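Q: So the sequence lines, in the order shown, correspond to chains A and B.
Just so we're aligned, residue 1 is where the first sequence starts under our numbering, counting upward by one.
Just so we're aligned, residue 114 is where the second sequence starts under our numbering, counting upward by one.
Accuracy of the hints is not assured; some may be wrong.
Said to hold, decoys possible - With a straight-line Cα cutoff of 35 angstroms, these simulated DSBU-like cross-link-like pairs (lysine-lysine) come out: (1) Lys9(A) with Lys168(B); (2) Lys116(B) with Lys9(A); (3) Lys184(B) with Lys170(B); (4) Lys172(B) with Lys14(A); (5) Lys9(A) with Lys172(B); (6) Lys168(B) with Lys184(B).
I should point out that these hints are in silico values taken from the structure, not numbers from a laboratory.
Just so you know, these numbers come straight off a predicted model, no measurement behind them.
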Amino acid sequence: NAGVTQTPKFQVLKTGQSMTLQCAQDMNHEYMSWYRQDPGMGLRLIHYSVGAGITDQGEVPNGYNVSRSTTEDFPLRLLSAAPSQTSVYFCASSYSTGDYEQYFGPGTRLTVT
Amino acid sequence: SQKIEQNSEALNIQEGKTATLTCNYTNYSPAYLQWYRQDPGRGPVFLLLIRENEKEKRKERLKVTFDTTLKQSLFHITASQPADSATYLCARRKDTGRRALTFGSGTRLQVQP
């Protein structure tokens, strides 16, 4: 099993550009989520999904969109990148709800200039 | 929403000693707390989950306690080794009825040889 994979590993965007961060898992996990991690602020939840076709907002959803058309994939879209979105983004999955251990991907380091 | 707090100052200890990290939470007691390890440039890795009806849980050199009166969890690493140097994160369910996790900002542990 590859576990949770994320692409790209690094990305530089200009303000106003859009892009999609990819996340995939091969463990047949129902629950997937996206976090951003900034120095001194820990992990903050952006969006999460409890199954295909079902998504919900986390603490910092503004500027991001998600969809969950399959169990395996949970892409995160930045609609119009801003410097405040410079961060490290982690995707995570778990067997069921957040009550189970989360498996994290390796992260995507995004810089917006 | 519920908050979770960890000591943001790094903890420096000598090899062989016991490291103790603290996680405090506010408002209602969560049904469980989770602990993760994060190495630089990598995603968090799950270590332990402790439920509110479990006062203590152990895994090899790791021990976690859960005190609902103090609203606190302690994470202990006995016979610490330089390889234990990392950032340790605790997490709880974000809100009652919402299946998402909220994380503390983490405590960096440095074990000196």
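Q: Run every hint past the structure and note whether it holds.
A: Status of the hints after comparison with the structure:
1. Distance restraint check for lysine 9(A) and lysine 168(B): the Cα-Cα separation of roughly 40 angstroms exceeds the 35 angstroms cut-off, and the hinted pair is therefore not satisfied.
2. Proposed proximity of lysine 116(B) and lysine 9(A) is supported: the alpha carbons are some 30 angstroms apart, at most 35 angstroms.
3. For a cut-off of 35 angstroms, the pair hint linking lysine 184(B) to lysine 170(B) stands: about 17 angstroms separates their Cα positions.
4. Our distance criterion of 35 angstroms between C-alpha atoms is broken by lysine 172(B) and lysine 14(A), whose separation comes to about 46 angstroms.
5. With a CA separation close to 32 angstroms, the supplied pair lysine 9(A) and lysine 172(B) stays within the 35 angstroms bound.
6. Using a Cα cut-off of 35 angstroms, the hinted pair lysine 168(B) and lysine 184(B) holds, with the two alpha carbons roughly 12 angstroms apart.
Comparing the model with each numbered hint stated earlier shows that hints 1 and 4 do not hold.
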